[in-house]
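One letter stands for each residue in the lines below.
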Amino acid sequence: MDVLQTSLDGLMIGSTYALLGLSFALIFGIMRRINLAFGACLLFGAALAIYLEPLLGWGAWGLFFITMAGAALASAYVERLCFAPHSKRSGAVTAMIASFAIWMQLDEISSQLLPQRTHAYQGLELPTLWLGEISVRGDQLLHFGMALVSIILLYILLYKTRLGLLIRATADSPESAYLLGARVPWLGFVVFFLAGILGGVAAFMILSADGHITPLFGLWSTFKGLIAMIIGGVGSLLGAVVGGLILGLVETHAGAALGAEFRDMVTFGLVFLVLVIRPGGLMGVKVYRTDNAAQERV
Amino acid sequence: MDLYLASVLTNMTLIAFLALSAYLVLVVGEVSFGQQAFFCIGAYLTASVTALAGAHIVWGLLAAILGGAVCALLLGLLTLRLSGLYFAISTLCFAELLRFSLLHIRFTRLIDGREIGPDGPEGFSNIRWIFEHNYAVTDFLLLAASCLIILLGLLFGLQRSHLMLTAHMVGHDPVLAQSQGFSPHRYRLGFIALSGAVAGFGGGLFALFNTHIEPAMFGVMLGVHGLAYAIIGGLGTPLGPLLGVVLDIGLLESIRQLAAYRMIVFGGLVALLLVFRPEGIASPRLVARLRRRWGRRRV
Chain S
1 MDVLQTSLDG LMIGSTYALL GLSFALIFGI MRRINLAFGA CLLFGAALAI YLEPLLGWGA
61 WGLFFITMAG AALASAYVER LCFAPHSKRS GAVTAMIASF AIWMQLDEIS SQLLPQRTHA
121 YQGLELPTLW LGEISVRGDQ LLHFGMALVS IILLYILLYK TRLGLLIRAT ADSPESAYLL
181 GARVPWLGFV VFFLAGILGG VAAFMILSAD GHITPLFGLW STFKGLIAMI IGGVGSLLGA
241 VVGGLILGLV ETHAGAALGA EFRDMVTFGL VFLVLVIRPG GLMGVKVYRT DNAAQERV
Chain G
299 MDLYLASVLT NMTLIAFLAL SAYLVLVVGE VSFGQQAFFC IGAYLTASVT ALAGAHIVWG
359 LLAAILGGAV CALLLGLLTL RLSGLYFAIS TLCFAELLRF SLLHIRFTRL IDGREIGPDG
419 PEGFSNIRWI FEHNYAVTDF LLLAASCLII LLGLLFGLQR SHLMLTAHMV GHDPVLAQSQ
479 GFSPHRYRLG FIALSGAVAG FGGGLFALFN THIEPAMFGV MLGVHGLAYA IIGGLGTPLG
539 PLLGVVLDIG LLESIRQLAA YRMIVFGGLV ALLLVFRPEG IASPRLVARL RRRWGRRRV
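Protein sequence lines, in the order shown, are assigned to chains S and G. Take the first sequence: its letters are residues 1 to 298, numbered as in my numbering. Take the second sequence: its letters are residues 299 to 597, numbered as in my numbering.
Please note that a few of the clues may not be correct.
Stated by the list, open to error - What follows is a set of in silico ranges between Cβ atoms, one per label pair, in the way DEER data are often shown:
1. G:H510 with S:Q112: 27 to 35 Å
2. G:H510 with S:L179: 33 to 41 Å
3. S:I152 with G:L452: 56 to 64 Å
4. G:L408 with S:P54: 50 to 58 Å
5. S:P127 with G:E420: 36 to 44 Å
As the list claims (entries may be wrong) - From the derived model, a few chain S residues whose C-beta atoms are all more than 12 Å from chain G:
6. T6
7. S90
8. R117
9. Y178
10. G269
11. G281
Since the hints were made in silico from the structure, they are not lab data. For every residue, glycine included, the Cβ atom is placed at its ideal position computed from N, Cα and C.
Chain S on its own, in the form it takes in the complex:
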């Protein structure tokens, strides 16, 4: 029974990791770049929401929308300042370092908005559901549903619309997409905005489940997103979702079996093993073989 309960908890947490992983995979898919400032964007969105909340008084849903909007805006800002100017092949590391600088900047702005070490982040009050001996927190179930809806919406956007077609074409080969008339720089901006929205949803889910926020949230969510993407397979969207779920399961099981202090060690050990043994991750072996970025040097 315990195993079932732990697995269920893992899936609930994993669904938020899946969203974080998806945001990374989206950006990596189209730009072949890592956005180190991603977590800082989420932190900024959440900090802005907490800062504005007493002024507006919109409650939990207000927090949700401001977090999402703040994260999306910050993400778009990062794209303009750090990634658009370095779109050439040689700019990969430069873009990464520029995004690191903006990470520091957004972190500092957020800690100005949140002067104390921890701040309460209001969640939705929902009753806990019991199925026999297994319990599910109502808000977590709602979050799981939200993650599912977000993933389905993203799927529809990417696979059923013209914009999605353009994004996928650019991810496949930026040069040929550009030659066929896609506005590749604009698509980069759109993708960053999308990743910000997805990340904002994930940030709301994580923070309201925890009930509080600390300045370390930025670094934490960057790690989780990166790890989910790597486990699943770099460049694969389905992989990112699966990777996020696996990460959630592994974390909760390792935490239950070995104690909380070994949880992160197990996670990092897993990622290291995946990279050493099967660098393409679970889904991305084909992507890894054909991916120029895997062979690409600075």
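Got chain S sorted already, so can you dock chain G onto it with the hints?
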């Protein structure tokens, strides 16, 4: 010299070792988020050798160099077929794994009534070698700075050497290097090991200077800062990473009054700088141009 100034300068010197080690990895075309791991290994080894075993500082620093190099070589061997992003993330995971393992390593002994040794998250306290041997802060600064100058001198001397030029070629285009008969793998492993040694040495000095080290000091922030200094400074010359360090710590310390807002300004400035000088301040192109102009004038 002012004590405050001396300690800021010492810190800059110590971080410069880390930045130089990131530079050495960048030369062969890889990005490492894990240089802090070798810095950490060096710090713990020096601390153990000098404080636990009571040996001379030279042995401590030698252990740091060797330990850093061996661990880097091991990491390099494990990640031999990875490159680019994959290599960067695996170094990050390695560093975090090491840091988390240190949280569980406890080996303390009572020496002169003091608990000495690594003590999990509490870290390693009472590394008192430089106190016991009456080194003032300025003396230590002199020691660290002269080591740094020797290292920089070595790198400068090798700048136009066959070894360095081949390493740069491996970094630019491994396929080209291979077609010329050089083994990219060997150069990569060699430079990664070298970077481990440099970082380990810096870490050893760091432990001696700080007298207390703990796993939390060697987080990913430290490594990414080192990497950022190397990139901001530029890869054109070994002085580049130093330039990055001076710019960051020097500038930040001089605008201390604006402490609360300094990262807001500084982060934006760095990003803007990279828009205009994507290869860093002392970019290879700038260095080549200066060298040409300089050479002509001398002729």
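Going through the hints against the structure:
1. G:H510 with S:Q112: 27 to 35 Å: Holds, since H510 (chain G) and Q112 (chain S) (Cβ atoms, about 30 Å apart) stay within the stated range.
2. G:H510 with S:L179: 33 to 41 Å: Check failed, 59 Å falls outside 33 to 41 Å.
3. S:I152 with G:L452: 56 to 64 Å: At 59 Å between Cβs, range holds.
4. G:L408 with S:P54: 50 to 58 Å: With Cβ atoms ~54 Å apart, the hint holds.
5. S:P127 with G:E420: 36 to 44 Å: 43 Å, holds
6. T6: The claim holds: T6 (chain S) sits with its nearest Cβ about 21 Å from chain G, beyond 12 Å.
7. S90: 8 Å, violated
8. R117: Its Cβ never comes within 12 Å of chain G, the nearest being 15 Å, so this holds.
9. Y178: 21 Å, holds
10. G269: The claim breaks: G269 (chain S) does not keep its Cβ more than 12 Å from every Cβ of chain G (closest is about 6 Å).
11. G281: 10 Å, violated
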